[in-house]
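S.K.: The lines below spell out each chain.
Number of protein chains: 2
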Amino acid sequence: MVEGNGTRSPHRVVIVGGGFGGLYAAKGLGRAPVEVTLVDKRNFHLFQPLLYQVATGTLSPADISSPLRGILNRFKNIQVLMDEVIDLDPAAQTIILPGREIPYDSLIVATGVSHHYFGNDHWQPTAPGLKTVEDALEMRRRIFMAFEAAEKEPDPEKRRAWLTFVIVGGGPTGVELAGAIAELAFNTLKHDFRNIDTAETQILLLEGLDRILPPYLPELSAKAAAALQRLGITVQTQSMVTDIANDIVTYKRNGQMEAIAAKTILWAAGVKASAMGQVLANRTHASLDRSGRVIVEPDLSIAHHPNIFVIGDLAHFAHQGDKPLPGVAPVAVQEGEYVARLIKKRLQGESLPPFTYVDAGSLAVIGQNAAVVDLGFIRLTGAIAWLAWVFVHIYYLIEFDNKLIVMLQWGWNYFTRNRGARLITGESSLSQDVQNTCDNYQAPAGMGSPVKV
Amino acid sequence: MVEGNGTRSPHRVVIVGGGFGGLYAAKGLGRAPVEVTLVDKRNFHLFQPLLYQVATGTLSPADISSPLRGILNRFKNIQVLMDEVIDLDPAAQTIILPGREIPYDSLIVATGVSHHYFGNDHWQPTAPGLKTVEDALEMRRRIFMAFEAAEKEPDPEKRRAWLTFVIVGGGPTGVELAGAIAELAFNTLKHDFRNIDTAETQILLLEGLDRILPPYLPELSAKAAAALQRLGITVQTQSMVTDIANDIVTYKRNGQMEAIAAKTILWAAGVKASAMGQVLANRTHASLDRSGRVIVEPDLSIAHHPNIFVIGDLAHFAHQGDKPLPGVAPVAVQEGEYVARLIKKRLQGESLPPFTYVDAGSLAVIGQNAAVVDLGFIRLTGAIAWLAWVFVHIYYLIEFDNKLIVMLQWGWNYFTRNRGARLITGESSLSQDVQNTCDNYQAPAGMGSPVKV
Chain A
1 MVEGNGTRSP HRVVIVGGGF GGLYAAKGLG RAPVEVTLVD KRNFHLFQPL LYQVATGTLS
61 PADISSPLRG ILNRFKNIQV LMDEVIDLDP AAQTIILPGR EIPYDSLIVA TGVSHHYFGN
121 DHWQPTAPGL KTVEDALEMR RRIFMAFEAA EKEPDPEKRR AWLTFVIVGG GPTGVELAGA
181 IAELAFNTLK HDFRNIDTAE TQILLLEGLD RILPPYLPEL SAKAAAALQR LGITVQTQSM
241 VTDIANDIVT YKRNGQMEAI AAKTILWAAG VKASAMGQVL ANRTHASLDR SGRVIVEPDL
301 SIAHHPNIFV IGDLAHFAHQ GDKPLPGVAP VAVQEGEYVA RLIKKRLQGE SLPPFTYVDA
361 GSLAVIGQNA AVVDLGFIRL TGAIAWLAWV FVHIYYLIEF DNKLIVMLQW GWNYFTRNRG
421 ARLITGESSL SQDVQNTCDN YQAPAGMGSP VKV
Chain B
1 MVEGNGTRSP HRVVIVGGGF GGLYAAKGLG RAPVEVTLVD KRNFHLFQPL LYQVATGTLS
61 PADISSPLRG ILNRFKNIQV LMDEVIDLDP AAQTIILPGR EIPYDSLIVA TGVSHHYFGN
121 DHWQPTAPGL KTVEDALEMR RRIFMAFEAA EKEPDPEKRR AWLTFVIVGG GPTGVELAGA
181 IAELAFNTLK HDFRNIDTAE TQILLLEGLD RILPPYLPEL SAKAAAALQR LGITVQTQSM
241 VTDIANDIVT YKRNGQMEAI AAKTILWAAG VKASAMGQVL ANRTHASLDR SGRVIVEPDL
301 SIAHHPNIFV IGDLAHFAHQ GDKPLPGVAP VAVQEGEYVA RLIKKRLQGE SLPPFTYVDA
361 GSLAVIGQNA AVVDLGFIRL TGAIAWLAWV FVHIYYLIEF DNKLIVMLQW GWNYFTRNRG
421 ARLITGESSL SQDVQNTCDN YQAPAGMGSP VKV
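Line by line, the protein sequences are chains A and B. Take the first sequence: its letters are residues 1 to 453, numbered as in the numbering used here. Take the second sequence: its letters are residues 1 to 453, numbered as in the numbering used here.
Rather than coming from a laboratory, the hints here were simulated on the basis of the structure. Since this is a predicted model, take the numbers as computed values, not measurements. It cannot be assumed that every hint is accurate.
Stated by the list, open to error - For lysine to any residue, the following SDA-like pairs were computed, each having C-alpha atoms within a straight-line distance of at most 25 Å: (1) A:K190 <-> B:N402; (2) B:K344 <-> B:N402; (3) B:K131 <-> B:K344; (4) A:K27 <-> B:G232; (5) A:K152 <-> B:S9; (6) B:K190 <-> A:R42; (7) A:K152 <-> B:R12; (8) A:K41 <-> B:P125; (9) B:K403 <-> A:L404; (10) B:K152 <-> A:R31; (11) A:K152 <-> B:E35; (12) A:K190 <-> B:K345; (13) A:K76 <-> A:Q348; (14) A:K158 <-> A:Q79; (15) B:K190 <-> A:A32; (16) A:K403 <-> B:R12; (17) A:K41 <-> B:P156; (18) B:K403 <-> A:V390; (19) B:K76 <-> A:E153; (20) B:K323 <-> B:P215; (21) B:K190 <-> A:F75; (22) A:K27 <-> B:K323; (23) B:K403 <-> A:N402; (24) A:K152 <-> B:R31; (25) B:K345 <-> B:S301.
Chain A extracted, bound-state conformation:
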């Protein structure tokens, strides 16, 4: 942009989203001859791969979150805004937020995905997913509340329903959740209750395809399934959930209808693009795939708009191999770094070859001692895989104090089988049943008027 007096104002980069993609793009542009504005609805970067550990009481949200300002404040050319983008004007080259517009020369959209209930959004309140801190805290509340409720429940059938957990989705999130709940039920909480035996807990993992961890090699899927079963989890593949209502999960397995009574149902099954995907489709020529993700060019820009990029989980990049790149953290990181390099190159009048992803491998952990790791040139299972998983996750955590705290929590957890964050918090910490009973309490005859405590 050349202004009236002939000076060129600096190249403005706007980044929407402070997850792995947006954050690494920003870091790549720190100290570059650009002005960067990073916009996010939250004030922190969240390490999503460890959210299931917040949900099962091992870690606190702050242990896996880093304030965006704290990470970026050393780059004087980067400004952070806590706000929400609601529209886009590609002709004027501005993004639109409530009460303001921000102009850009390059735009990087990295707003990720949320849950997908396959057209059954009404299941969401009953079967929460795991994408945000609030999701994880709600899951935590329900998991620990289930044991508390079972402890107080005189009816054996209801008690069994409280001690039954159904996890929908056999990808890494579902697998890791199942393993962590098994550790809780069969280890951590073993001595905590007097009326129930947590060893009677039933954990059911439902996967629609023919094996869990479908992106992995079949033999690794099989090893993972065996590890889960050794942990006491029931794994059922080729099982598609057809209904969730009245504390009963109904699913179709190999053509047969089955049902199970479960008070706690956790959703780890599908992703749906964030709404910025639709904004881009409406305002530009961008096309979306079936999940709403934006189809991108080999340099991660969108068709006919070389200065608008989409990276991370929201991007559908199908120029490498026979499948689009998966929605995992290392892909987002590399895409963010690539776009930053590309923008800098363009400022010098140059360009870069198309983006290529260097696959560092896949990891999923099962409980405290086992994992499956596929690094391409080597595959690991068991304890050594678990160690690799631990180190990779510590490596990717932003902020040194997070690395320290998480290592400490994991060390503590490993040696004492004690989880440090087993809190039930939130507005209605007692179950709705109890709350209703309190509200409707009638004192026994002869005791005078009841007093609400």
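With chain A fixed as given, assemble chain B onto it according to the hints.
M.R.: Okay, now just chain B, sitting in the frame of chain A:
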């Protein structure tokens, strides 16, 4: 209780409340020839003295909380129930909960206090207090949101109101909060913003009496006030809040009416007894003081009911010195331990002398380097007082992993001036203004229908 076949069923102790009083009473009865049931609305014990550190982003809730079951599970004679007591039947010797009654031979009520708004309960949504984890998280949200909102605010007057914090109440909680917010504004967040200079933050501490920390010696109050002023806090004594409305705090100071525009108002001013106090007054001959606390006998029981005890913040114990014992943690701990010893003695047909509190001293911290400590035989201020404060708080933290985590967070915070938990979380993480604007957004003419992101 002697049952039909001549065997004596064990003495049943019911403890209501798992704070300092109830928890230490339970621990005192572990392995005694009694059956203990501890009832609490939450599943964890909360270390309230450090809640202000959760509110200002240094610690996470789990760092200062310990699951009750985890602490007590090694005592096979103690059962924990997560539930709420709604009434009492002293004739039948039962407590009443939703859907159940629990019989007792000895009852210990330790349900504490909550906030007191001096008849202005409608101030509560605007001026949150600090008694529970949810309180602290809400305070945290508002404090950090204020800086984010100021960063985006073009109007200088509104920006100043966002950067103005009013803390009502000059006791230890208010003093510690004020010091922590000053550290945030003038240190931690110094480099995080581009449109605002956090050094312009104004922090006002309002106290109704003639000096802050009224229970302390006057010279310690004076030193604390001087330390706060050095940190950049404005301390105004003899200031009683008369109204909080439309982001303006109106107060009467030395007879003059004054007002200040402030978007963030934090309440640390008064306590009101929990509702169990009223239940006891209704169902027994117990009397209440002006704050609703239960007046107790020299052995902490209530008049005419030697087997019903009230301990902790809910108890008004006026048999030592010329004032009732303060609502602080060491008092609750000693009272809980005393009642446990007394119950055990009675089982042997013996008794104990009346309760006497051994005053270990008072401590309040101001910022990162100063504190006031009064141990009776010695008074400390400055850095050495701060060290004493640190060690005492670590000592009283339950669970070794909490001690370790908190020492780590404090060490990290001290050396890096970085606070590890500066998250804005909660259902509506954006301010209500922004939310309303999103909902009412109209696309500029010519752009087609707006898309809600």
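S.K.: Could you run down the list of hints and mark each one as holding or not?
M.R.: Results for each hint:
no.: 1; hint: A:K190 <-> B:N402; result: holds, 21 Å
no.: 2; hint: B:K344 <-> B:N402; result: violated, 31 Å
no.: 3; hint: B:K131 <-> B:K344; result: violated, 32 Å
no.: 4; hint: A:K27 <-> B:G232; result: violated, 34 Å
no.: 5; hint: A:K152 <-> B:S9; result: holds, 22 Å
no.: 6; hint: B:K190 <-> A:R42; result: holds, 20 Å
no.: 7; hint: A:K152 <-> B:R12; result: holds, 18 Å
no.: 8; hint: A:K41 <-> B:P125; result: holds, 23 Å
no.: 9; hint: B:K403 <-> A:L404; result: holds, 15 Å
no.: 10; hint: B:K152 <-> A:R31; result: holds, 23 Å
no.: 11; hint: A:K152 <-> B:E35; result: holds, 17 Å
no.: 12; hint: A:K190 <-> B:K345; result: violated, 33 Å
no.: 13; hint: A:K76 <-> A:Q348; result: holds, 21 Å
no.: 14; hint: A:K158 <-> A:Q79; result: violated, 53 Å
no.: 15; hint: B:K190 <-> A:A32; result: holds, 23 Å
no.: 16; hint: A:K403 <-> B:R12; result: violated, 47 Å
no.: 17; hint: A:K41 <-> B:P156; result: holds, 24 Å
no.: 18; hint: B:K403 <-> A:V390; result: holds, 24 Å
no.: 19; hint: B:K76 <-> A:E153; result: holds, 20 Å
no.: 20; hint: B:K323 <-> B:P215; result: holds, 11 Å
no.: 21; hint: B:K190 <-> A:F75; result: holds, 14 Å
no.: 22; hint: A:K27 <-> B:K323; result: violated, 60 Å
no.: 23; hint: B:K403 <-> A:N402; result: holds, 17 Å
no.: 24; hint: A:K152 <-> B:R31; result: holds, 23 Å
no.: 25; hint: B:K345 <-> B:S301; result: holds, 15 Å
Checked against the numbered hints given earlier, this structure breaks hints 2, 3, 4, 12, 14, 16 and 22; the rest are met.
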